[in-house]
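A.B. asks: Work out the full structure: start from the sequences and follow the hints.
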Amino acid sequence: AQSVSQHNHHVILSEAASLELGCNYSYGGTVNLFWYVQYPGQHLQLLLKYFSGDPLVKGIKGFEAEFIKSKFSFNLRKPSVQWSDTAEYFCAVNAYGGATNKLIFGTGTLLAVQP
Amino acid sequence: DGGITQSPKYLFRKEGQNVTLSCEQNLNHDAMYWYRQDPGQGLRLIYYSQIVNDFQKGDIAEGYSVSREKKESFPLTVTSAQKNPTAFYLCASSIRGGTGELFFGEGSRLTVL
Chain A
39 AQSVSQHNHH VILSEAASLE LGCNYSYGGT VNLFWYVQYP GQHLQLLLKY FSGDPLVKGI
99 KGFEAEFIKS KFSFNLRKPS VQWSDTAEYF CAVNAYGGAT NKLIFGTGTL LAVQP
Chain B
5 DGGITQSPKY LFRKEGQNVT LSCEQNLNHD AMYWYRQDPG QGLRLIYYSQ IVNDFQKGDI
65 AEGYSVSREK KESFPLTVTS AQKNPTAFYL CASSIRGGTG ELFFGEGSRL TVL
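For the protein sequence lines, the chains are A and B, in the order given. 39 is the number of the first residue of the first sequence in our numbering; add one for each residue after it. 5 is the number of the first residue of the second sequence in our numbering; add one for each residue after it.
The set of hints was computed from the structure by calculation and includes no laboratory data. Just so you know, these numbers come straight off a predicted model, no measurement behind them. The reader is advised that the hints may include incorrect statements.
Pairwise CB distance ranges (calculated) [what the hints assert, rightly or not]: (1) A:GLY91 x B:GLN60: 28 to 36 Å; (2) B:TYR14 x A:GLY67: 34 to 42 Å; (3) A:ARG115 x B:THR9: 32 to 40 Å; (4) B:ARG113 x A:GLU53: 26 to 34 Å; (5) A:PRO117 x B:GLN45: 26 to 34 Å; (6) A:ILE98 x B:GLY6: 17 to 25 Å.
For the chain B half of the interface with chain A, some residues (derived, Cβ under 8 Å), not all of them [unchecked claim]: (7) GLY20; (8) GLU28; (9) GLN45.
Note that CB positions come from ideal geometry on N, CA and C, so glycine has one too.
C.D. replies: Structure (structure tokens):
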């Protein structure tokens, strides 16, 4: 069965620090990859996505992620975090070519940025 | 504005009572989904529907039921058979046959006393 692993459950950073959140998936075929963010009291929203092409994708608010097929990874990065980046981040995978569009989510990473 | 509306936002119920959560979308999406979010467990799929009058069980369907009589609506009933119903429930929709990108509602928090 497909699965998604996010190894960092809680991350605490100071403002201006660099961020990297790990995401690994288990599926041997073609995948579509997503990072979603949930700010306190708000609904889940798409941060960025990868379908094909350049494995380095850029999203909103200065976030980027790199798809490394050989490592089954899609890590999220930001060079300099801000207090407003405090949120929960979810990695998700859709196994392309399946009968349905089911997103499999990781367990989430709670990021707290200290001012 | 197009979007997904979930109601109620907060709901309290006694054990043994069935509860129905509403989800309406005006995005003209064919597919709709219900996820359950628990701390430390991420989002787990309860049910999904690709078209009207059709739906499939997700990974944790036991104790839940759904209907899809209209394209815009996908209500979820949490039955008394659900062992641990207190949770945050999220409804989502997507284009059928698309890339898998989901659009989410704001969620409904159910507390069973």
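A.B. asks: State for each hint whether it applies.
C.D. replies: Here's how the hints hold up against the structure:
{"no.": "1", "hint": "A:GLY91 x B:GLN60: 28 to 36 Å", "in the structure": "holds (31 Å)"}
{"no.": "2", "hint": "B:TYR14 x A:GLY67: 34 to 42 Å", "in the structure": "holds (41 Å)"}
{"no.": "3", "hint": "A:ARG115 x B:THR9: 32 to 40 Å", "in the structure": "holds (34 Å)"}
{"no.": "4", "hint": "B:ARG113 x A:GLU53: 26 to 34 Å", "in the structure": "holds (30 Å)"}
{"no.": "5", "hint": "A:PRO117 x B:GLN45: 26 to 34 Å", "in the structure": "holds (30 Å)"}
{"no.": "6", "hint": "A:ILE98 x B:GLY6: 17 to 25 Å", "in the structure": "holds (19 Å)"}
{"no.": "7", "hint": "GLY20", "in the structure": "violated (30 Å)"}
{"no.": "8", "hint": "GLU28", "in the structure": "violated (14 Å)"}
{"no.": "9", "hint": "GLN45", "in the structure": "holds (6 Å)"}
Going through the hint list in order, the structure does not satisfy hints 7, 8.
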